[in-house]
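Chemist: Spelled out from the first residue to the last, the chains are:
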Amino acid sequence: MRFRIKPSWVIPIIIFAIGLYCVFVRFTQGLGASTNLSDQFPWGLWIGFDVLCGVALAAGAFTLSAAVYVLHLDNYKPLVRAAILTGFIGYLLVIIALMFDLGHPYRIWHPLIMWNPNSVMFEISWCVTLYFSVLAMEVSNFLFEKVNWQRAFKVTHAITVPLVITGVILSTLHQSSLGSLFLIVPYKLHALWYSPWLPVFFFNSAMALGCAMVIVESFISSKIFKKELELSILTNLSRALVVILAVYGIARAIDINDRDAWDLIFQPGFEHFMFLAEILLAIIGPIILLSINRVRINRSGLFISALMVVIGFILNRFNVSMTGLIRAADTKYIPSWMEISVTIAIVTLGLVLFGLAVKYLDIFKDAKPCLSKGETCSDNPSCCLPTPLWFLIIFFWAVVAGLMFNGIRDFYNYLPNVL
Amino acid sequence: MPESKAFLFDVTMCILCGACGAADKERNQLPPFDGDIGQERLSANAFLVINKVQDRGVRHSCMHCVTPTCASVCPVGALEKTQIGAVIYHKDICMGCRYCMAACPFKIPRYEWDKALPYVRKCDFCYGRIINGQSPACAEVCPTGALTFGNRGDLIQEARKRFKAASPTYVDHIYGESEIGGTSLLIISDIAMEKLGYPGDLAENPLPSLTWAALEKVPNVVFLGGAFLTGLWWITKRREEVIAAEHHRADNPNGRKS
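Those protein sequences? They're chains Z and Y, same order as listed. Sequential numbering of the first sequence, starting at 1499, is according to the working numbering. Sequential numbering of the second sequence, starting at 3, is according to the working numbering.
None of these hints come from the bench; they were simulated from the model. Bear in mind the structure is a predicted one, so any value in this text is a computation, not a measurement. Idealized CB from N, CA, C, for every residue including glycine. Do not take every clue at face value.
With the C-beta cut set under 7 Å, the calculated list includes, among others, these residues of chain Z facing chain Y [to be verified]:
1) 1525
2) 1568
3) 1663
I would like the entire structure built from these sequences, with the hints used as guidance.
Modeler: In structure tokens form, the structure reads like this:
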């Protein structure tokens, strides 16, 4: 077999080459030359997106494996593999990102030996290490099955339930602890986000994000790899998603109320625009859309609503780790092109790994077109979304875009005040 | 056990001579600053600066908190509060996560942004000098007594004594006596601390207690969560078995055991 470079590889190869150059700069000239981080703002895009979002986006693994193996909700079984695979890839990317962000990456094992049980970061290090091992064992299960290594498959298969329970506990701990990281900065984090409930919010939103991610992935796989999951199961999952989001939304509202922070929502500044965009995108928009049956049973409707949840909670993590901290830091931080390039390279690596797994492991089924030949929308209404619902979806995205635009404009207006 | 040491910095007595900053640089072998006295900012090359604010000298350096936030957040214990009062940094342990920098309420730790393998830099209270019986370099060279070094308890008494004097008129508040659980750099002044650029409105509660409120629940999550999940697994499994058995009985109405 001859090795040939396909045209579709060109873009990933360019992205990886740029990413590698940035990593080279990072390890020869330091973090100052490669990032816009400063003493006032020591955590940026690599922590805010690559680590916080990477871990949260991987949360589908523990959520769905709990549903299937602990609660015996067998109808979700076809989703478990995709979720576990995403989880494994997500954590792998987080560890790769940490390798660039840590000052001394070769000491990443230090927390395992040098303990400080008072530190949230210590707990996260342990949980992530253990959970990554759990995920690796679960993924190896698919691999053993594929290569038909019966003996190894039997071993990993037999310990599935204890493995899943351990994984759920570890995930509960570190997903919430990523929120606990920010409990220590009450004087720095903006009061719209600082809350003693941060660990609960991070855990709850990780569950929502995990479910939404499985839906989004299924759609991407059907577009790119012509493989997908069954729509009816995803529709079912979106019902659970609405419940999780509603619990989260109510908890956020109670928290704002308890802390008397309602007036902050309308206080001028880039924070309030970003907060409103986050709430609309992550909570209100998807709850309204996914409560409509026609949206839930339609592939595009489901995808766009789940995408709202994903982007909404990415925005939430950005807000907690960056937007909410920038004013107290009294400095300016906009990610450097190198930080952005490395992040794009890491995301691309995730997509490539996911694509390879979809191709070689039995994760998804072959996709079929929704409308078969000669069928129209009236024959199969779940394949088409009525125009008014399209308008509703576009309306939500437009409002969010407006809020984000205003937020970013206000941020740029604010920048001259700090320098 | 040695008594905890501290600095007392009296803003009213500082004449902005810059001797303390120079002594700091000499002891820590840091490059000199080119600009005017009072203009330097904390960096990886300056662990102690005197800033000129409202014609007064304002000292910025590690506060050496009694319950240090940095030491509590460090996942590997690279920062340590010693019995003598100093918060010291073990560079051989640090993995460079910078959580100490993100967490410090006084925004003190600095990073070597230009190094490929950077370390955290900050004032170490001249720990090596103190355990040899000397006083810290900056306190030793201060010509006016604006900076004094001694036992923390004694310095608080000294500050109270100065408050009673007729002139200058101090603000009746020792900054660092109780802020976030107290610090080992105590500051007194004739105008409010916020006006000098120190973080105001810090509560008395040490910040690590906020984290501990969440971390102390970890064992509960592990044990209760484990029991709860195992229980759920068992109940749902049992339910499926019962349903299967009932289906089986419905298929064999004669009730004969198979």
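Chemist: Is the interface hint for residue 1663/Z satisfied, with its Cβ closer than 7 Å to some Cβ of chain Y?
Modeler: holds, 5 Å
Chemist: A closest beta-carbon separation below 7 Å is what the hint needs, so does residue 1568/Z meet it against chain Y?
Modeler: Constraint on residue 1568/Z satisfied, holds at 5 Å.
Chemist: Is the interface hint satisfied for residue 1525/Z? The criterion is a beta-carbon contact with chain Y at less than 7 Å.
Modeler: Interface hint status for residue 1525/Z: holds (5 Å vs cutoff 7 Å).
Of the numbered hints stated above, none is contradicted by the structure.
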